[in-house]
Amino acid sequence: MIKSNPLAVVLVTALFLCALASSWFSVWWYLGVKDLESMEYQARSLSRISAAMQSLANEAVEYGRRNPAIDPVLLQFDLKPRPAGTPTTVQPPLKPAR
Amino acid sequence: MEHSDEQQQPNLPAQQPGFPVQRPTSLPTITVAELDQQCQDLRTLLTATFVALLVLALSVNAFLYKQMRQARAKVSESRPAIQRLQAQYREKEQNMKNFIVALQTFAAAHRDFQPVLDKYRYDLPQFLAPPAPAGTTPPGIKVPSMTPTSAPTVQPARPAGK
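Heads up: the protein sequence lines correspond to chains W and C, in order.
Every letter in the first sequence is one number past the one before it in this note's numbering, and letter 85, counting from 1, is 85.
Every letter in the second sequence is one number past the one before it in this note's numbering, and letter 133, counting from 1, is 133.
Since the hints were derived computationally from the structure, they do not count as laboratory data.
We put the CB at the ideal spot given by N, CA and C, even for glycine.
Treat the hints loosely; a few may be bogus.
As the list claims (entries may be wrong) - Part of the chain W face toward chain C, derived, beta carbon under 8 Å:
| id | residue |
| --- | --- |
| 1 | P6 |
| 2 | A8 |
| 3 | C18 |
| 4 | W29 |
| 5 | V33 |
| 6 | L46 |
| 7 | Y63 |
| 8 | G64 |
| 9 | V73 |
| 10 | L75 |
| 11 | Q76 |
Said to hold, decoys possible - With a Cα cut of at most 25 Å, we get these calculated BS3-like pairs of lysine-lysine:
| id | chain 1 | residue 1 | chain 2 | residue 2 |
| --- | --- | --- | --- | --- |
| 12 | W | K34 | C | K66 |
| 13 | C | K97 | W | K34 |
| 14 | W | K80 | C | K92 |
| 15 | W | K80 | C | K74 |
Unchecked claim - Pair by pair, the computed Cβ-Cβ distance ranges are:
| id | chain 1 | residue 1 | chain 2 | residue 2 | range |
| --- | --- | --- | --- | --- | --- |
| 16 | C | T31 | W | F16 | 36 to 44 Å |
| 17 | W | S47 | C | T105 | 22 to 30 Å |
| 18 | C | A62 | W | S47 | 33 to 41 Å |
| 19 | W | V10 | C | I82 | 43 to 51 Å |
| 20 | W | V12 | C | T31 | 14 to 22 Å |
| 21 | W | R82 | C | Q104 | 18 to 26 Å |
| 22 | W | F16 | C | K66 | 18 to 26 Å |
| 23 | W | K34 | C | V116 | 36 to 44 Å |
| 24 | C | L56 | W | N5 | 40 to 48 Å |
| 25 | W | N5 | C | R79 | 21 to 29 Å |
| 26 | C | Q114 | W | Y30 | 28 to 36 Å |
| 27 | W | R82 | C | D112 | 44 to 52 Å |
| 28 | W | K3 | C | V32 | 19 to 27 Å |
| 29 | C | Q104 | W | A21 | 53 to 61 Å |
From just these sequences and the hints, can you work out the full model?
As structure tokens, then:
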């Protein structure tokens, strides 16, 4: 066949190489999409946690309007403005959304 | 044909018992030139098929290559943002834990605050889950599991206030 039909041999070889390239591209595409999905899942998880924490802080502030007993906790985390002259703590701020 | 076969039958060894019966072929006579032409046609057809397949394969390759490049570009583009988010989360994680612990302590003394905490058990399972045995918490960033914890009331949290 190599001698009788060299064109077919060339075409078959080209097809084989194309199949190899297709496999290579497909694998890399699959890995890329998988990475992307994993990162999106992480981002969604972190955003969900942040949003839930923010919402909880808002509810705690809301609860503080009805029951001032929670005020020390809110003050400790800077969720409530401190009265003038009160010493501040070194806790990092966790401010409610506005 | 049958007539001539019948005439030759007495002379054939196939008619003798023990020999297979020779049957006349019903194929029309084909010349070598016609066979050569048919072979050439088949060869042309095969080559055309190969060319069509090659065009198809090249198109598929181009599509896959483009998709691969897009996916890799998106990954490279998103990775720094995700890393930044993770770093920010790590910075705030301890503060969030402290806040939850303070709220839980407060809720232990003021039971009317407990429903507020219970609402967030599903969204913050790593913070509000029931105390697990020591040494079961994995270090590093905790990605929340999708299975709800043993919260009696599972309600979605409201979105962050805007």
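Results for each hint:
1. P6: 11 Å, violated
2. A8: 6 Å, holds
3. C18: 4 Å, holds
4. W29: 4 Å, holds
5. V33: 5 Å, holds
6. L46: Holds - the Cβ of L46(W) comes within 8 Å of chain C, reaching about 5 Å at its closest.
7. Y63: Hint on Y63(W): holds, closest Cβ of chain C at ~6 Å, below 8 Å.
8. G64: 10 Å, violated
9. V73: Check passed: Cβ of V73(W) comes within 5 Å of chain C, closer than 8 Å.
10. L75: Since the shortest Cβ distance to chain C is 11 Å, the answer is violated.
11. Q76: At about 7 Å, which falls below the 8 Å cut-off, the nearest Cβ of chain C leaves the hint on Q76(W) intact, so it holds.
12. K34(W) with K66(C): 16 Å, holds
13. K97(C) with K34(W): Outside the cut-off at roughly 31 Å; violated.
14. K80(W) with K92(C): Distance of about 18 Å is within 25 Å: holds.
15. K80(W) with K74(C): With a Cα-Cα distance of about 41 Å, the restraint between K80(W) and K74(C) is violated, given a limit of 25 Å.
16. T31(C) with F16(W): 36 to 44 Å: Given range 36 to 44 Å: holds, Cβ gap about 37 Å.
17. S47(W) with T105(C): 22 to 30 Å: 27 Å, holds
18. A62(C) with S47(W): 33 to 41 Å: 36 Å, holds
19. V10(W) with I82(C): 43 to 51 Å: 47 Å, holds
20. V12(W) with T31(C): 14 to 22 Å: This hint is violated: roughly 31 Å between Cβ atoms.
21. R82(W) with Q104(C): 18 to 26 Å: Holds - the Cβ-Cβ distance for R82(W) and Q104(C), about 23 Å, lies within 18 to 26 Å.
22. F16(W) with K66(C): 18 to 26 Å: Holds, at about 22 Å.
23. K34(W) with V116(C): 36 to 44 Å: 39 Å, holds
24. L56(C) with N5(W): 40 to 48 Å: Given about 21 Å between the Cβ atoms, the range is violated.
25. N5(W) with R79(C): 21 to 29 Å: 50 Å, violated
26. Q114(C) with Y30(W): 28 to 36 Å: 47 Å, violated
27. R82(W) with D112(C): 44 to 52 Å: 25 Å, violated
28. K3(W) with V32(C): 19 to 27 Å: 20 Å, holds
29. Q104(C) with A21(W): 53 to 61 Å: 58 Å, holds
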